[in-house]
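Engineer: Protein sequence lines correspond, in order, to chains A and B. My numbering applies: residue 1 is where the first sequence begins, and numbers increase by one. My numbering applies: residue 1 is where the second sequence begins, and numbers increase by one.
These are computed hints drawn from the structure, not numbers from a lab. From a predicted model like this one, the values you see are computed outputs, not experimental measurements. Among these hints, one or two may not hold up.
Straight-line alpha carbon distances no greater than 20 Å define the calculated EDC-like cross-link-like pairs of lysine to aspartate or glutamate that follow [as the list claims (entries may be wrong)]:
(1) K42/B to D82/B
(2) K57/B to E82/A
(3) K59/B to D95/B
(4) K59/B to E101/A
(5) K42/B to D85/A
(6) K101/B to E101/A
(7) K96/B to E52/A
(8) K101/B to E52/A
(9) K79/B to E15/B
Label pairs and their computed distance ranges (CB to CB) [to be verified]:
(10) N94/B to A2/A: 29 to 35 Å
(11) R61/B to G84/A: 20 to 26 Å
(12) S28/B to G97/A: 52 to 58 Å
In this text, a Cβ means the ideal position worked out from N, Cα and C, and glycines have one as well.
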Amino acid sequence: KAGVTQTPRYLIKTRGQQVTLSCSPISGHRSVSWYQQTPGQGLQFLFEYFSETQRNKGNFPGRFSGRQFSNSRSEMNVSTLELGDSALYLCASRHLGQGNEQYFGPGTRLTVT
Amino acid sequence: EDQVTQSPEALRLQEGESSSLNCSYTVSGLRGLFWYRQDPGKGPEFLFTLYSAGEEKEKERLKATLTKKESFLHITAPKPEDSATYLCAVQAFNDKIIFGKGTRLHILP
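The following block holds chain A by itself, in its conformation from the complex (with noise of 0.2 Å):
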């Protein structure tokens, strides 16, 4: 089975602009998570989108955004960027009810400058 992909896998922005990042699953995976991760705070949950609708949600400015399509690929986006938004960012499938464990894929790279 094909693992979970990012793309792009680095970006660079201005302050100001605004980014999307896509992720797909693992087939068969019907739920995808986000994360934002820095050095100084870890991982941190952005969102959790299942069946094209949002489960759970961080503690996240409403700067960030997601969707999730049909096909159970899913999208975010940050609108007006801000230097502390460089970070890794990664998408994590699951299969609920199986075992629960999350597969990441590799993380996009966003540095804003």
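Fit chain B to the supplied structure of chain A, relying on the hints for placement.
Structural biologist: The following block gives chain B in isolation, referenced to the frame of chain A:
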């Protein structure tokens, strides 16, 4: 508030020197505890799931154990390729998953 604390933050060991990493948690009902390994520049790789106190899981040189308040990841006779950041995460009854900040493990040859 649900919380996961990992210790130590960093650990340097000689090759062959066994040790343990700790993951302490407070959560409103534990559905599962997960261990992951993360190499630099990569996403975390799933290692183990533990569901109840007393449970143990093993994989090569790694063994994970679980009590009602903490989990240990024991590393026996580590090799340099075991160097990585090890992450612990807990899943609460409300299905939220909380990660610890990880332990950076460095095995010296």
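Engineer: Each hint: holds or not?
Structural biologist: Here is how each hint holds up against the structure:
no.	hint	result
1	K42/B to D82/B	holds (15 Å)
2	K57/B to E82/A	violated (42 Å)
3	K59/B to D95/B	violated (26 Å)
4	K59/B to E101/A	holds (16 Å)
5	K42/B to D85/A	holds (19 Å)
6	K101/B to E101/A	holds (18 Å)
7	K96/B to E52/A	holds (18 Å)
8	K101/B to E52/A	violated (29 Å)
9	K79/B to E15/B	holds (5 Å)
10	N94/B to A2/A: 29 to 35 Å	holds (31 Å)
11	R61/B to G84/A: 20 to 26 Å	violated (38 Å)
12	S28/B to G97/A: 52 to 58 Å	violated (20 Å)
Hint compliance for this structure: hints 2, 3, 8, 11 and 12 are broken, all remaining hints hold.
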